[in-house]
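Visitor: One letter stands for each residue in the lines below.
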Amino acid sequence: VIVPQALLDRILPHVQKPARYTGGEWNSIVRDWDAYDVRVALVFPDVYEIGMSNLGLTILYDILNHQPGVLAERVFAPWVDMEGAMRAAGMPLFSLETRHALTDFDLIGLSLPYEQLFTNVLNLLDLAGLPVRAAERDEQHPSVVAGGAAAFNPEPMADFIDAFVLGEGEEVVLELVAALRATRGQGRDDRLRALAQIRGVYVPSLYAVRHRDDGTVAEVVPLVPEAPPRVVKRVVATLPPPVTRPIVPFLETVHNRAPIEIQRGCGRGCRFCHAGMVYRPVRERPVDEVVAAVEELVANTGFEEVALLSLSSSDHAGVERLVRELVARLGHTHLSISLPSLRIESVSVELMEQLQATGRRGGFTFAPEAATERLRAVINKPIPDGELLAVAEEVFRRGWKTIKLYFMIGQPTQTLDDVAAIVDLARRVRQMGRQTVGRRTQVNVGVSTFVPKPHTPFQWVPLADLGEIRAQIALLKERLRGPGLKLNWNDPQETLLEAVLARGDRRLGAVIHRAWELGARFDAWSEQFRFDVWRQAFGERGIHPDYYARRERPADETLPWDHLDPGVSNAFLWRDYQASLQGETRPACREQCTACGIVRVFREERASVADGAWVCPPV
Amino acid sequence: VDELHRLRVTFSKGEPIKYLAHLDLHRTWERTFRRAGLPVAHSKGYTPRPRFQMAAALPVGITGEAELLDVWLTEPLPPDAALGRLRASVPAGLRVLAAAEVPLNLPALQSQLRAAEYHAEIETAESPEAIQVRMDGLLDAVSLPRQRRHKGRWQTVDLRPRIHALSLAAQPVPGKVVLHMRLQASPEGAGRPDEVLDALGLMVSPHRVRRTRLVFVFDK
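Which chain is which? The protein sequence lines are B and D, in order. Sequential numbering of the first sequence, starting at 1, is according to our numbering. Sequential numbering of the second sequence, starting at 1, is according to our numbering.
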């Protein structure tokens with residue numbers, strides 16, 4: 001089914017940003033539909049501007065469209081106005097490239113980067129005309145496979161998704177395609193069993209979850225021989241070549257720039273950080289490869305900005321040479337080069353200074369996450385106050401006028417004193433700016449609420465009490481004002497939902513389904529988020545959100561995601577959690593291996609590459 | 001400062017990209033110039049921007065058949081060479097029709113624009129006669145006050161003096177009418193085709209509007 005342009009033309013004049021729905025961008029790939037035997041819809045369950053900023057989607061689109069016999073097209077969530085118009089017109093969800101209905105594809109590949117997109121997934125399946133529950137779909141329907149950060153605990157979405165991919169998708173996506181080809185014409189059950197045999201793929205319907213009387217998980221057992229008792233995530237031993245022909249969006253997207261990944265994984269070991277634990281090991285892209293790719297990227301896209309992406313840019317061993325070379329080669333071309341995720345250290349300031357020569361001078365962003373040395377030790381992001389202030393001074397001295405500081409509240413062991421210290425620290429930084437530059441300096445403080453995530457050392461800890469969080473925000477609102485100071489914070493109720501879904505189990509499927517029926521969608525959008533709907537859904541399904549979000553989980557409890565293995569072991573996470581309660585820090589991987597488990601689990605992959613390719617020690 | 005060169009480019013914005021807003025098209029041109037490797041001059045100051053100007057914003061949903069832009073270059077480039085490079089670098093839906101070097105001292109295109117001509121094809125069961133009656137009413141009116149939202153505030157705009165000409169083409173297909181409009185488009189203000197259609201009670205009917213011509217001072 002192809003959605004006719006004429007029908008679309010009747011709808012689009014009446015919706016916001018109609019170019020979200022028309023495709024045709026530079027470097028988008030439109031294939032001859034009938035000439036391909038495996039057709040993949042890559043679905044990002046949020047609006048175009050957000051989905052188009054996702055690097056994973058960019059990578060998979062490139063790989064699949066260059067695989068013989070395979071085509072891949074993009075699908076994003078229609079905004080609420082477009083959804084209304086589509087439902088009124090009886091128009092199914094369609095792809096941007098050829099406007100085919102989702103049901104025409106063989107594989108629906110969903111990106112699940114965060115939990116607040118869960119209801120959008122149900123909504124998209126429904127808009128496509130597919131049964132929302134996986135058990136109600138049959139072999140006539142496309143396979144629905146999801147991956148991304150939130151897939152490391154996919155249990156709350158187990159009712160709706162056929163298979164989850166754990167970890168990096170570059171290789172496994174081709175194995176999925178092969179499995180679909182091999183099982184063409186066979187029944188749904190055969191197809192699921194074939195998928196379950198792919199390393200890194202978790203087919204939830206092939207496992208039974210047994211609960212104890214107290215409601216906790218007793219065990220998760222495979223129901224068929226094809227399903228492995230533990231599913232270990234996938235990693236690529238060597239980073240594949242970067243995409244140098246990414247799509248150039250017409251619309252202003254969230255990250256409207258050419259992305260290039262300079263490093264994958266982070267070995268800093270911040271204890272709150274999900275990405276830092278699940279994306280290990282740390283692999284650097286060689287400097288020369290990055291430089292060559294940046295030149296190609298600019299020529300192929302015309303982007304005015306290139307972003308050098310990683311979880312901690314200043315950790316890349318060659319970052320100084322990289323920046324020097326890029327500035328030397330491209331500094332005269334009005335190209336701006338951004339380097340997000342810089343650590344608080346003087347080398348960061350020097351790198352930024354060099355890059356500023358190429359383009360505009362915005363603010364300088366640091367994320368100390370906690371305002372006292374004690375709490376920074378607890379979360380394993382140690383940096384002495386003196387060093388932090390010295391770096392801030394350096395930033396001001398070199399001409400920046402704005403510093404953004406990000407903090408979290410509600411972290412384990414945090415007291416009101418730690419929160420009050422945010423005010424003090426922000427004031428001291430601002431004072432530094434006043435002395436160094438003058439009155440026009442600005443310190444913007446961003447505060448978010450800590451959400452305990454699975455597969456991290458804090459996976460056992462409760463989410464902070466809502467009343468406490470509110471008191472902390474109130475304190476900040478009251479004290480963090482005055483010239484040159486600005487505070488931003490987020491709604492603690494949105495945080496509660498994220499916390500429930502992040503560490504939930506399969507019983508939450510009923511709540512998600514009910515919330516969606518009641519109208520929940522775009523839960524990550526403050527103006528769309530409706531906590532009343534979720535409260536009603538929890539109530540009707542007899543589930544208390546605090547059971548998932550605010551319960552201290554004992555060491556011997558089987559966690560709902562224990563059968564899913566990101567390579568970092570639970571034993572390591574527990575040791576690290578205990579160390580945190582003693583205020584003990586742990587060195588970064590680069591300084592000393594902390595035996596997190598990665599090398600043990602991925603011994604073969606480690607052995608297959610050169611000693612310097614991973615930060616992990618050679619085996 | 002080196003001598004600059006000014007290139008005037010005629011282009012069309014077609015069906016595939018008619019839903020792009022003006023700012024999106026602006027950004028698309030910036031990136032097209034960069035891909036084409038044109039030696040585009042940049043503005044001075046804190047945030048240097050590529051120097052180019054489009055003659056007139058095209059409303060979202062309307063195609064343009066002969067739009068104009070001027071772009072300033074830091075090096076001379078034969079117009080044919082520029083044309084070739086641009087054609088290889090534009091996204092589908094954007095077509096580069098002509099390029100010519102023009103004197104640097106010409107006034108800005110926007111200041112020279114006077115009117116724009118539109119061709120609107122409307123699906124309607126109404127007879128052309130019935131629509132003609134309403135058109136006559138519109139043209140006979142002394143003023144046609146309309147509310148426009150501008151920068152978050154409502155303001156009243158008189159549509160009547162902005163309609164230079166309005167006529168009905170011979171009916172090509174049953175169930176369709178074709179309207180020709182010539183609307184003011186000058187620094188003093190512009191008439192918008194959707195406002196005319198709305199004033200005629202035709203906005204609800206499915207329609208397709210093309211801007212067929214921009215009329216400049218120098219065209220006369």
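If you're looking for bench data, these hints aren't it; they were derived computationally from the structure. Ideal placement from N, C-alpha and C gives every residue a C-beta, glycine not left out. Hints may be right or wrong, so weigh each one.
PhoX-like cross-link-like pairs, simulated, lysine-lysine; straight-line CA separation at most 25 Å [to be verified]:
| no. | chain 1 | residue 1 | chain 2 | residue 2 |
| --- | --- | --- | --- | --- |
| 1 | B | 401 | D | 44 |
| 2 | B | 477 | B | 404 |
| 3 | B | 477 | B | 401 |
| 4 | B | 401 | B | 486 |
| 5 | B | 404 | B | 486 |
| 6 | D | 151 | B | 17 |
Now the stretches of chain B that chain D is said to cover, found in silico as 3 or more residues with beta-carbon under 8 Å [unchecked claim]:
| no. | region |
| --- | --- |
| 7 | 6-13 |
| 8 | 301-307 |
Visitor: Between residue 401/B and residue 44/D, is the straight-line Cα distance small enough, at 25 Å or below?
Guide: holds (21 Å)
Visitor: Verify this for me: three or more residues of the region 301-307 of chain B with a beta carbon less than 8 Å from a beta carbon of chain D.
Guide: holds (count 4)
Visitor: Quick one, are residue 401/B and residue 486/B close enough, alpha carbons at most 25 Å?
Guide: Holds, because 14 Å separates the two Cα atoms, which is no more than 25 Å.
Visitor: Is the listed coverage of the region 6-13 of chain B by chain D valid when you require three or more residues with a beta carbon under 8 Å from a beta carbon of that chain?
Guide: holds (count 5)
Visitor: For a C-alpha distance cap of 25 Å, please report whether residue 477/B and residue 401/B respect it.
Guide: holds (23 Å)
Visitor: For the pair supplied as a hint, residue 151/D and residue 17/B, is the alpha-carbon distance within the 25 Å limit?
Guide: Roughly 18 Å between the alpha carbons, so the hint for residue 151/D and residue 17/B holds.
Visitor: Take the C-alpha atoms of residue 477/B and residue 404/B, compute the straight-line distance between them, and say whether it is at most 25 Å.
Guide: OK: residue 477/B and residue 404/B at ~17 Å, within 25 Å.
Visitor: For a C-alpha distance cap of 25 Å, please report whether residue 404/B and residue 486/B respect it.
Guide: holds (9 Å)
The earlier numbered hints are all upheld by this structure, with none contradicted.
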